[in-house]
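Chemist: Model the placement of chains L, P and Z on the given structure of chain R, informed by the hints.
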Amino acid sequence: MHNGEEEIPVIPTHQEVAADVMGRYQELGRRYWGWVTVLASLFLLGIVGFVIRLADGFDDRSNWGYHVATISFLVSTFMAMPIISAGLRLAKANWRRSFTRVTENMAVASLLIVLMVIPALAALPPLEGRMNIWFEFPLGAPNLWNMMSFGTLALIGISLLWTLALPDLAAARDHLPPSRRQRIVRWMAMGWVGHVRQWRVLYMGSLIMGAFYMLLYPLIQTLMISDFHAGLLPAWKDAILPATQVVASLQAAAGMTLVVMYVMRRVAGYDRYFTVEQFWSLAKPLLSFSLLWFYFWWASFITFWYGRQPGESSLIQFLILDSWRGPMMVSFFLNFLGPLIALVWNPVRRSIWGPALVGAGIVVGALINQIRLYVAAFSVADPTQHVLDPIPAGQWPGPPDVLIVVGAISGCLLLFMLVSKLIPVISIWEIGEGLRLVKVRKFYGRYLRVIAKSH
Amino acid sequence: MAKLLGLFQDPQQVADAMDELKKNEFPPQDLDIYSGSPFPEGTFGEHDPNHRLFMFPLVGALIGFSIGLLWTAGTQISYPMVTGGKPLLSIPPMTIIMYENTMLGAIIFTVLGVLFESRLPKRSLGLYDTRITEGYIGLVVDCPADRVAQAEKVLTTSGAEEVKKEEEE
Amino acid sequence: MYYRRTLTDAQINDELLGTVMTTPLRWVVIASFLAVILMGTFSAVGFMINQGLGVTGLRQPVFWGFFITNFVFWVGISHAGVMISAILRLSQAEWRRPMVRAAETMTVFSLMCSLSMPLIHAGRPWRIFYWVFPYDWARGIWPDVRSPLIWDPTAIITYLLSSSLFVYTALIPDLAIIRDRSTGWRRPVYGALALGWHGNPRQWKLQGLAGILLSALILPVFVSVHSIVSWDFGVSLVPSWHVTVFAPYFVIGAVHSGVCAVVTLMIVMRKLYKLENFIWEEHIDALARLLIVVATGWMFFFWLDLIYALWLREEQELTVWMLRMFEPPWSWMFLVFFMCSYVIPVPLWMFRRVRRSFTMMLWTSLLVNVGMFLERFIIIVPALMRKGPMTFDYATYRFSPIEFTVLGGSIALVAFLLLMFSKFFPLIPLWEEKEGQVLADSVRVGKLDVPGIVKEH
Amino acid sequence: MATQAKPSTDTNHGTIGHKWAMVIDLDRCTGCQACVIACQSENNVRFNEESAFHEGRVMQWIRVERYWEHVPTGKQVRDDRLAEFPNVKARFIPILCQHCDNAPCEPVCPVFATYHNNEGLNVQVYNRCVGTRYCGNNCPYHARSFNYWEPVWPESLQNQLNPDVTVRTRGVMEKCSFCIQRIRRATRGGGEVEDGAFDPACVQSCPTGAMTFGNINNDKSRVAELAKSERHFRVMEGLGTSPSVIYLKKVDGTHA
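Chains as they are written, first to last, in the working numbering: chain R, 1 to 455; chain L, 1 to 169; chain P, 1 to 457; chain Z, 1 to 256.
Wrong hints could be hidden among the right ones.
As the list claims (entries may be wrong) - Below, a sample of chain P positions facing chain L; criterion: calculated Cβ distance under 7 Å:
| id | residue |
| --- | --- |
| 1 | L7 |
| 2 | T8 |
| 3 | N200 |
| 4 | K205 |
| 5 | L209 |
| 6 | G211 |
| 7 | W431 |
| 8 | K434 |
As the list claims (entries may be wrong) - Dumping the calculated BS3-like pairs for lysine-lysine here, alpha-carbon to alpha-carbon at most 25 Å:
| id | chain 1 | residue 1 | chain 2 | residue 2 |
| --- | --- | --- | --- | --- |
| 9 | P | K455 | R | K453 |
| 10 | P | K455 | R | K92 |
| 11 | L | K23 | L | K153 |
| 12 | R | K442 | R | K453 |
| 13 | R | K284 | P | K205 |
| 14 | R | K92 | P | K447 |
Because the hints were derived from the structure by calculation, they are not lab data.
Every residue gets a Cβ at the ideal spot worked out from N, C-alpha and C, and that includes glycine.
In isolation and in its complexed conformation, chain R is listed as follows (with noise of 0.2 Å):
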């Protein structure tokens, strides 16, 4: 399939690509407003599970367990998007072009986050007695270092998306007709003009956040995972527990992007700009992913069933082997054995569908697999016991639980939408700046497409 000419896009202007999103962003239309007030509802319909929870109170900590679990969900998807992007930006890859807004975009969602770990914290038990990593200087552990560590993190994710957004809001600023919004627009623009210099600081900057970022986000899943599961199971001394929360959340973003991406192109047209390029290179570091995720599991599972003390054999039992054996192999089959027996096909790998489907499988994969983590920790009624027994059994979600995962889910895509129709969804700047280092050249025989990589 190289007889060459139609293999070739047409390589659009910039001026193209700015008129193009420009008229999307401008654009408030009825279907707008109609997927605003659905996810509203439903996030209106969250908060109500959640004050159904809160009048509860925190004594009976397995009530709480969903509203954690979700947490750990957000954070290692919405959350973990931004590191997509930049780790692209980082290795310098072309194709990320189109989608590095959508997923920093993301990061407002982190707002809700924060919101959201108030009342988990408040649910930990204190840290008597049990295993966690503040040692012997508690000072105010875990909940004023987690506060922090999440209020950094979502601030980084936040700059560095208004860094980035900075010479598309000047656009915005400039092609929008007077209003509100347009004021807003224009105070969030900051006076952006172009200048080389500018230019320059938004690089450096752009590439010292995004490295911030990574080097901070997994210390926040260290702090997730030992406080709120590891440190509330007995005998729980699993070291690479974070690690492969790290590596579930990588999966996770990827196949959040993908899912985002596809409906974008559904929903609101934007076909030109995730092309099965985006969706076919995004595939293979998915796959590679996936992989991973067995790795990490197998690693630990394969160390305790080998050493086989009380503690790790009733730990097995507990989170693999018995009470949540369900949604282990439901989790086992979407994180790993769905992603590797589709994604090895190139056909299905270079398409639209195919990475979209197996993506959309691995966000709901790791929302169940978030569930059986943490709803198993916070179901254990006494962390301070040196072997976990009785074994308590899986439990499933209530009423309020459900309103609080789907709440908590379209509140985030929510905030999403609304931030979106204020930084333009689609970098018009990276576009450009990709357009620029692109050309087309006939190669003796065909037509071939030379990409160039500036320093």
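Modeler: Chains L, P and Z alone, transformed into the frame defined by chain R:
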């Protein structure tokens, strides 16, 4: 049948020669190109070689997996000796060994597949020129003896430095 | 990306086949020097096998010492090869071209070296084949597949075979080049090895596919190998060994030390064989950037290992870590390891000037590998020294001269094998260099010519 | 993942009839080392000259460990090492192969040189052993010793060697076998061996009768009786190895 080998220095000339030959009803599957380094597919408008390489690793993986299964399960069952209170048929250790054997089978068969699909090994080089690995590009034409002259003409006119001929019956 | 020198195919052949076609004096000198060291090592090992393991420093309860450390170390080194070539092939990074084969061959040879370590460390080496291979015919019983020491050979042999095939497949086109250039006895030999390669589009296409497919298949193997090595320790009950994080921690540590070994190798090659036209600052620079990421990831796992060692407050585990970190000689070893493998090199690599200076990179990469050897030593020995509450057999392990000789010998062995390989085969893939020349292009942006690459998809 | 990680507490898998066990009453042990000597002469264990102790290459199938027992008193002792008699007393505990049911040393051996037989014994097969020494690493009790050198006996003692026991060669691992040669002789006829019919060398030689050996599956045996005592404990029980050697110790005060 006869065989011609035209030696070119400029890839562009080869591409032109190919077009010219195709124009003169030389069937594409009778044209072949020898080059010292890979060019993007279709650089010379040659016909796309089809292959079934991707079947090989699958078959290999299957064979490797079954060998692993046979070995691990078989030895554990036929020598029922308890060690460390582990179950007599311990699946996790079996998984590791079966995995390794699967990958080994897949890789060995891939290499075999590559050799088979690229029609290697060949006993003799046949019509060939050592300058090809020095940067020349060879254009090979398989044609009935009566069209040799025409083919040679096309090759020389489009810039072949030398045309080698070989008669086959 | 970088501005590449433009070379004709003939030039590439001349420069890269120089060592194959001729035998420079310095090559003879170095090879014979290494050969002498190897002789010494072999006699030392022979003495040990003849006398018994008493000549080593091993003692209760430190049943594993220098040899196992060395084994882990060399398996670690062997990981860079595939890491570099496979990952860079899959991501189609242009700067991979000059380093893939050198890295892969180093994988093969260091793997052979590491494989020899457990064999000579065994109590009765003359019975070793009963261990590694199914041996029903020998004594009516098969190996116990539940033992990590069976997983080990399975994984390593898989890895060894795969990487050797990997090297050979990519070598075929270059063998054809040597065949075409050489005369006399070489011609038939290389002709046979080249399998009658013509270089028609079909063969090239499959050559390319083989690169991608084999990389994709070998990557999971490479991850599994060092994980399985780590499970030798991880699945045991020894305090501070029985840790779940060991698998990825070992793997990424292996990549860290391995990539550094590749850097060392590249720089030495460049000096020894005058490859200035092919190995440039840009390559070392790219490797160094990669190293910053790898080293930092490795640090994360090290940190996890540490905090979760304290996690349960188990007295035995704490004693081991106390021993490692605060009791000489382990404390200073720990300090050296930590300094060498992270604290000194990584900040240096932040500077472009350092990344692009061959001398600096040579020394920092060597430093890292010193550190990584000590890391393995510190992981293995102190954990065994203070294993239990039993008072009677505390022990301080001191390696004997024999063991030290074997360490030196193992380095000499790998170097010697690489030297021999480079005498008969080019260490830089010629055809990949030529391909790079063909695909090189640039895009003009204003006054600037941004170097680019022709992409097929 | 179908295999269930068995809770390590189940004791007799694959056990028919006999399951040999030992009870050691630490309150009777005087640390006289008679058991050590008896074991060495019974099982052809190589001599340990002083150098062997310096090198840390002692060959012992049973050793007497000395530990300090701290008796809590009214006055607080800041550091246990500063405690003195009568607050601290020297105690002895004979350590031999514990013949664990979930023995950590067994599954790590690549060549089945050590495995669990159906009488609850952790047996060592010398001529299978290739000397990877992994078992030695993985034994929490340090019950295994390795032949670094070819074992040699002075000329005068050549005839002292026990003909029922193999003389090990260099490069193999060895450990207590519960005097399996005596077990074999006793069980040769088949059927149940009555209690006290025979004893391992160490038990036989213990002057204070601190050690008892027998078939714990037989409830009427002395071992089974003593094992029921409320003084009983097993070394490093937290590891879940479930040893066949049971120690008896009167727990005074709050200290265990």
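Chemist: Next, verify each hint and record whether it holds.
Modeler: For each hint, the structure was consulted:
For L7 (chain P), the suggested interface contact is broken, since its CB lies about 10 Å from the closest CB of chain L, more than 7 Å. Annotation: T8 (chain P) was flagged as interfacial toward chain L, and the flag holds, the nearest CB pair being 6 Å apart, inside 7 Å. Using the Cβ-Cβ criterion of 7 Å, the hint placing N200 (chain P) at the interface with chain L is satisfied: the shortest such distance is roughly 5 Å. Nearest Cβ of chain L to the Cβ of K205 (chain P): about 6 Å, under the 7 Å cut. The hint holds.
For L209 (chain P), the interface hint holds, the least distance from its beta-carbon to any beta-carbon of chain L being 6 Å, beneath 7 Å. With a cut of 7 Å, the hint placing G211 (chain P) at the interface with chain L is violated, because the nearest CB-to-CB distance is about 10 Å. Interface restraint check: W431 (chain P) against chain L, minimum CB-CB distance 5 Å, threshold 7 Å, status holds. Because the closest C-beta pair between K434 (chain P) and chain L is about 3 Å apart, less than 7 Å, the hint holds.
The hinted pair formed by K455 (chain P) and K453 (chain R) meets the criterion: a straight-line CA distance of about 12 Å does not exceed 25 Å. For the given pair, K455 (chain P) sits about 15 Å from K92 (chain R) by alpha-carbon distance, which is consistent with the 25 Å threshold. Straight-line distance between C-alpha atoms of K23 (chain L) and K153 (chain L) comes to about 14 Å, which keeps the hinted pair within the 25 Å bound. Between K442 (chain R) and K453 (chain R), the direct Cα distance comes to roughly 20 Å. Compliance with the 25 Å bound is thereby established for this hinted pair.
Of the pairs offered as hints, the one joining K284 (chain R) and K205 (chain P) holds, with about 21 Å between alpha carbons and a cut-off of 25 Å not exceeded. A threshold of 25 Å between alpha carbons decides the hint, and for K92 (chain R) with K447 (chain P) the separation of about 22 Å falls inside it, so the pair holds.
Of the numbered hints listed earlier, those contradicted by the structure are 1, 6.
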